[in-house]
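Number of protein chains: 4
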Amino acid sequence: MSGSTFGNIFKITTWGESHGKALGVVIDGCPSGLALDEADIQQYLNRRKPGQTSISTPRKEDDQVEILSGVFDGKTTGTPISLLVPNTSQKSSDYSEIASYYRPGHADFTFDSKYGFRDYRGGGRSSGRETIGRVAAGAIAMKLLKEMGITVTAYTRSIGPVSADLSAFDPSAITSTASCMPDRAADEKAVAYLKECMMNKDSAGGVIECRIDGLPAGIGDPVFEKLDANLSKAVMSIGAVKAVEIGDGVAVSTANGSTNNDAFAMCNGQIHKKTNHSGGILGGISDGSQIILRAHIKPTPSIFSTQETVNKNMENIEIAIKGRHDPVIVPRAVVVVEAMTALTVLDGCLLNMSSRLDYLINFYKK
Amino acid sequence: MSGSTFGNIFKITTWGESHGKALGVVIDGCPSGLALDEADIQQYLNRRKPGQTSISTPRKEDDQVEILSGVFDGKTTGTPISLLVPNTSQKSSDYSEIASYYRPGHADFTFDSKYGFRDYRGGGRSSGRETIGRVAAGAIAMKLLKEMGITVTAYTRSIGPVSADLSAFDPSAITSTASCMPDRAADEKAVAYLKECMMNKDSAGGVIECRIDGLPAGIGDPVFEKLDANLSKAVMSIGAVKAVEIGDGVAVSTANGSTNNDAFAMCNGQIHKKTNHSGGILGGISDGSQIILRAHIKPTPSIFSTQETVNKNMENIEIAIKGRHDPVIVPRAVVVVEAMTALTVLDGCLLNMSSRLDYLINFYKK
Amino acid sequence: MSGSTFGNIFKITTWGESHGKALGVVIDGCPSGLALDEADIQQYLNRRKPGQTSISTPRKEDDQVEILSGVFDGKTTGTPISLLVPNTSQKSSDYSEIASYYRPGHADFTFDSKYGFRDYRGGGRSSGRETIGRVAAGAIAMKLLKEMGITVTAYTRSIGPVSADLSAFDPSAITSTASCMPDRAADEKAVAYLKECMMNKDSAGGVIECRIDGLPAGIGDPVFEKLDANLSKAVMSIGAVKAVEIGDGVAVSTANGSTNNDAFAMCNGQIHKKTNHSGGILGGISDGSQIILRAHIKPTPSIFSTQETVNKNMENIEIAIKGRHDPVIVPRAVVVVEAMTALTVLDGCLLNMSSRLDYLINFYKK
Amino acid sequence: MSGSTFGNIFKITTWGESHGKALGVVIDGCPSGLALDEADIQQYLNRRKPGQTSISTPRKEDDQVEILSGVFDGKTTGTPISLLVPNTSQKSSDYSEIASYYRPGHADFTFDSKYGFRDYRGGGRSSGRETIGRVAAGAIAMKLLKEMGITVTAYTRSIGPVSADLSAFDPSAITSTASCMPDRAADEKAVAYLKECMMNKDSAGGVIECRIDGLPAGIGDPVFEKLDANLSKAVMSIGAVKAVEIGDGVAVSTANGSTNNDAFAMCNGQIHKKTNHSGGILGGISDGSQIILRAHIKPTPSIFSTQETVNKNMENIEIAIKGRHDPVIVPRAVVVVEAMTALTVLDGCLLNMSSRLDYLINFYKK
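Chains as they are written, first to last, in our numbering: chain A, 1 to 366; chain B, 1 to 366; chain C, 1 to 366; chain D, 1 to 366.
The set of hints was computed from the structure by calculation and includes no laboratory data. Be aware that a few hints might be false.
[Unchecked claim] In silico PhoX-like pairs for lysine-lysine, Cα to Cα no more than 25 Å straight-line:
#, chain 1, residue 1, chain 2, residue 2
1, A, K21, A, K49
2, C, K274, D, K365
3, B, K365, D, K365
Turn these sequences into a full structure, and let the hints steer you where they fit.
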């Protein structure tokens, strides 16, 4: 179990390395009858492509997805959907040097420790390119959720010291700015900050926030399979994430019960919450309000300034990483957070369909 | 799948409600040959008992564990270990009132939404008593890890505004202070703060930190089953946790690569890291240094001041919760975080044993 | 993973040894809202009790089940149902001798090989008593299936050379004859044959057949999770089963396509099959006709005649097993086959509820 | 969960339809360090190719495998191995007619019942071509097992009324005869019988037997994950299998304990069994002797004689299937049984490595 499968009913298995022949994903358990073509998926892959703005690497990754199975006459058949993205632009020669040493902040050392050796070309399986499969599968999950009235929206909340002002939330900015912030003014400041980082041969971190709207109350399970537990795993499994928050997150540790509790109240004949400190989840189960989570992303570990490390001969050395690297991971990871969130929520929705006897009777005795 | 099973090889299934006949856990996949008796487990259960300090409810929970299967002649047999803790002190009459309304910050509403009704006595399955099974199973995981040279230590890092000074780490204080802080001076301040909260009919949150020592490099898997992803799920699945951090955690989002990267260096003929911002995990795999994580715990939602909510007739009402409730969840959750961490790490260690061909050959061809 | 969990959504975990304190099962994923009490379960446990007829051991096993969790106000809550059956009549002294040698046909040797030692009292975990948890969980599955219009019926098809005549199927005979055959005349012959076996200090095998009625077409999944594959695993996991057949079973290997194919034809406006050689499953998915399977059960390995074997000092010895043992396993295993079949089919039905987009839309957009 | 994943640690996920762009498999959890290239896999795929003998369809399937990931410098890296086989020779026009009706003995009707429609080209996902992924993954399992000293050998035991004489077992005949029998004389008779079937526009069934040699005692788990239960599921999940036997199989139901029990005896200082009625498994765990299983395969359902069925307008019709179809499935399924057996046994071996405390200590404290 090298751990490349995610989900219970809507189950995805990703494969591929940065510089192998291709990367891909198999989606098993997609319900039949969903209209699906390559364009549905490609639009999400395009959002994670590099080389599109002044703060991303000029490296070209022309990631074109192909559907190999599971779709017939334009609809999903219920059988596994195999998606493939060829690796066309990767040059292994760029990476031959890093075979000999361990880059700080990367998984070179831990892969060698675990497996005895590693595919050192561009990070191999621990490359950011591994997320291609996640995003492709997430696109299908997003389309299914939309059919069910549920939407998932991720965006950059902050980069380094620069935070978006969410009071003037501009959804169009998410996919059109370099930072993926929903705030064009903050985006400009973030870009300026990142250019400064690049001048200093340094990199920056940031925060991605994600919202789920339209999710009914009742999704998630009470103990180990809490919706927030599964969201945390999903998001923490993305390469550079070092912290996950639900709702008020870290702020709850200094809050008091009187302010942290969300009062229930009637509104238009429905039970709702007057505030949403909980981030839409109580006891691991969705409460019908908006789900909110945040992922804290570490600075790109590949920096151009000199660093100390150790080589495979176990000698102390100094290195200066070359090549083309983004000064920040955040903008390209926004769609990855969105994908992992969508996959988790969809799986929870599918599992929930058999949670009550009356659901079974309605289904089987109609 | 109501989600009461955790783990892949060392697999636990918990059961039981706050006011049912008993609570328990079945541990399946425990290796044979471990010396085990009730006392090994009871010492951990005693750490989560209430009624022991001035800041915990005087409610008595006399949680005595019984081993029902899986141990023969004082050793684990390799077959399922069933552990049972009878519910002896729960009085259902205390809780009859809450059947009619939804307590803010609790799972009453979401359970009704999911299942159509709920066991309203003391929170039922979403009660803190659900963690008894986790702690009991965690005790066995802790004992196995110790045999392998691995230790797990959780403690209170902060309560409300009061933080422990970790520069003078006092391990003995963890199990002997009311706050479970490894710092007796901070403990006194925390207790004073909590008494103030109680006087205000309010409650407080806090932070639990957990360290894993002795874990070799190579544990965890690269993609969805990253060690940090599984730790996040494990810890976030504990009732009141709203954020999880690994290593520097939320601080990475404002850090730069030049300071956040941990340089590798030779030390006594071994590769080690000069700093540990990563918290002992790179690319989802342990790097041989100390693993560090933090859980942010929300304030106890049961507070004695008046709160607005809704009853089952969908009327707005005001309530004042009665009964006996801790002003803070943190100290009693310390051993739960420790248990969930131990279970996760142990499972990762067992999975890792078949990760290389030479391991297979050593095992099967000796 | 010692393998004591079965099922995907409706998931059971059994525990307990022949001579431990108790045996039991945890059922996780039972839908909420099912009326359930101990009597619902006890009636199935009573069917596997020994000491009830002239051909079963006079050993007393007074297996009384207790519900410890997951039921409130007489209905399942959706949370884990823990069932416990105390071991009251087991005397360890009866079994002390077998600690020193390996009984032919039993798992003594393989347990020692795997785990290094074993609980030798009455077979420990490999005792027939292990099936108590299966039968108890199966009782709940049977009750759920009944609510959905699906019934499962197992019976003895043959014992040694004596076969039931199914053309005069008598359902009442299944639970009232010693052999559990649906044919009282065959039962008399089977009892006579078994008495002969007992006189010869020998034992007999037989065949259990099981039918599922009312199952709609569409249950099961096309590749590895075929309904017949899961039924085979379920039934083959019962101690003494050495072969499993679906529909015509072993007879297909000498059949021709022209006779083995089942023609489709319209009947009362419905598509049905004119014959049922397939046993109700095509391509791993139920076809709407009756499901039929058969389990071939080996003769009781504990026989009273002298046998050759080896002791723990690795010496060849001769043994004569003492104690109280049934001359045939079949009648007491009928309810176990029924339980495993019911668990498998129910789980397939629950998984099937999310197999089409229109099911999702009906559920979430109503 | 459309059920396309198999295994716990060595986990495979297959995808692809008969007439899609390609078929393939992702193997997750393959240990690192195994030398692997396409030729290792191709030799197994070649064994299931059609058009090679007088009794197989002249249809050409030029199934060339490509390794897309998981192998670097000629060795497995421990990350997912993605294998792809393009569909080059499939012509959809051949199959357009069958879109309108349900072929007897095929899964057309059950796919429509489950998913609402189906990919009708050549059987889609229920085509025999689905086994390409199984055989490709099985090739890797076979190579790993060989490194551990374990071999798996399947062969045709019988076709229709013609059985191989196993007393003169000729291994070279398995891969060089049309029937895959280890007996050239029986092969000739089987071919003659099949030609007769073809003349009659009919088809035949048969039996495949499989042996595992070199497996140590102790593999498999005692309850639901018995080795024989998992082998049964593995083999029954192959399209046309209708019965599975372990050891003496169906014969046990008419045997007596005195003849069915295998006596233990010392032999060269080792405990062994004097006979092997059990087929190498006791209590679900391997006993160190040869594992033997048999799969009963139904006759090819596609026959050229006229058959009754129903079309999608729910009218009774008569059909005569055209195209190219083998008169028997057995010879091409031999390598599939071998693959599924190898996958099951390997997974059991990997799980077994963490079954004892001393194994853990040896591994982690050396």
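Verification of the hints:
1. For the hint linking A:K21 to A:K49, the alpha-carbon distance of about 18 Å falls within 25 Å, and the restraint holds.
2. This hinted pair does not check out: C:K274 and D:K365 have alpha carbons roughly 65 Å apart, beyond 25 Å.
3. Restraint check for B:K365 and D:K365: the C-alpha separation of about 20 Å stays at or below 25 Å, so the hint holds.
The structure does not agree with numbered hint 2 stated previously, though it agrees with all others.
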